[in-house]
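**Student:** One letter stands for each residue in the lines below.
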Amino acid sequence: MQRQASRFILSRASAASMRWRRPFSTDLPAEASGDSKFIDAWKKVVPNIEPPKTPFSYMTPRPPTPSTIPSKLTVNLVLPYDSILAAKEVDMVIVPATTGQMGVLPGHVATIAELKPGILSVHEGNDVTKYFLSSGFAFIHANSVADIIAVEATPVDRIDANLVQKGLAEFQQKLSSATSDVEKAEAQIGIDVHSALSAAITG
Amino acid sequence: MAMAALRREGRRFAVPLISPLRSSLAPSEYETMEQAVSGARSISTQIVRNRMKSVRNIQKITKAMKMVAASKLRAIQTRAEKSRGLWQPFTALLGDTPSVDVKKNVIVTVSSDKGLCGGINSTSVKISRGLYKVNSGPEKESKYVILGEKAKAQLVRDSKKDIQLIITEWQKNPLNYTQVAVLADDILKNVEYDALRIVFNKFQSVVSFLPTTTTVLSPEVVEREAEAGGKLGELDSYEIEGGETKSEVLQNLTEFQFSCVMFNAVLENACSEQGARMSAMDSSSRNAGDMLDRLTLTYNRTRQASITTELIEIISGASALQG
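First to last, the sequence lines map onto chains R and X.
Take the first sequence: its letters are residues 1 to 203, numbered as in our numbering.
Take the second sequence: its letters are residues 1 to 323, numbered as in our numbering.
Chain R on its own, in the form it takes in the complex:
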């Protein structure tokens, strides 16, 4: 009985020491992808907790910048509730930047562009798909990858013209009756969006 008890304690102790040894080992393959400086700092201060993951370890890898300009542009169009286009290869996109419509071809110079409400058209051969974007950002990377982030995007053919006219009238009325600066700004945003919408339908 006694002998068994001592063996039990011994095995427990060795298991515990194993558990303690593991965080100190340096050659863990999974941690190579993270920020090594951060992981080192973490281990020095908090040795008994595994360092948290960082977004880099979940990222789908991005292609390196090729030496020649590729023939296609890779586009990601993401919304909070969906990814409409994910790594889709197209010929050209035209994004509604605040400085005006901006055409993006493969090999475009790296750019960060703020977007205004307007039409995003995606050209793929002879097919043109048009989306209405509310606003957001577009990043064009040097490796011919374009990321477009918007809060809301709908295909243009699914917009109701009557509702747009009604909304426009409503916000115009709100602007005329607005008293504070905040109300005025809100009404102005509504008018901007709705006039962009009506331009998108007619245009």
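It is possible that part of the hints are untrue.
When the alpha-carbon atoms are kept at most 27 Å apart in a straight line, the in silico BS3-like pairs for lysine-lysine are as follows [what the hints assert, rightly or not]:
1. X:LYS60 x X:LYS172
2. R:LYS116 x X:LYS82
3. R:LYS43 x X:LYS72
4. X:LYS104 x R:LYS43
5. R:LYS43 x X:LYS63
6. X:LYS172 x R:LYS44
7. X:LYS63 x X:LYS172
8. X:LYS172 x X:LYS160
9. X:LYS63 x R:LYS37
10. X:LYS72 x R:LYS44
11. R:LYS184 x X:LYS189
Derived list of chain R stretches under chain X, where covered just means 3 residues or more per stretch with a C-beta under 8 Å from a C-beta of chain X [said to hold, decoys possible]:
12. 72-83
13. 189-195
Rather than coming from a laboratory, the hints here were simulated on the basis of the structure.
Just so you know, these numbers come straight off a predicted model, no measurement behind them.
Beta carbons: idealized from backbone N, C-alpha and C, even for Gly.
Model the placement of chain X on the given structure of chain R, informed by the hints.
**Tutor:** Leaving out everything else, chain X in the frame of chain R:
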């Protein structure tokens, strides 16, 4: 008639011997009487029976909670998976900088409002404390922004002076982007920061969650780091369209990044919460089932033992009369 007469006879004969046991009573009467004589000869099973009833009720509740968590998880899992595209462009552009060395660190701890969901909240809190330690030093300060009741309960105890903002009860309605954007705006308005470190549990599967930290830098720090080279060095090669100045665009960009990252973090954490609750409730209903089995066994054994004892007493009494 004959039977009744016989029983009367039997009772008259047997009463002096059997009366402490009252074995001649009907079963329903027997049960009520049993409590009265508890401790006399047979062991009372009343306590075990009550305990069995309560365990069975607990099992019913945990099973129901598991079902609710499973159905909620299914709804939120698709949303969380669809929101995963949202933060990737920002990480591709602004990089992943958990090791950035700045003065004002703000740790945004995402947790749940409700408990009974395993260890996800304490993991969040532990990681937040770790980040606090990593980023503390002379001339540096770290503050907490807490989302959710559970992390608040844990952090208020020892780091009350470092808590800058507590937001609770934001999960009552199904989460959408507008709501999270308002929340993010609240945080940005009330907190001065150089780097925001968001701590949440990323959902991997129903049984595994990865504690994760995402770093969002303030526009000034982004500009400084981009000029200094290193991880953000590539940012200088980007042309910037729109806005009056570069810093204005960067401010819009980082604020938008924060709201997008928060949206994903909140969804992932809610998803992990439901998954953890589901597995916790599953194991507790299984545990209740095991307990019930053990209790039933004890109960039956005790009951049988008492019946056997009584039978022996009756038989030996009867044989004593005969002999």
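**Student:** Okay, which hints does this one fail, numbers in order?
**Tutor:** 3, 5, 6, 9, 10, 13
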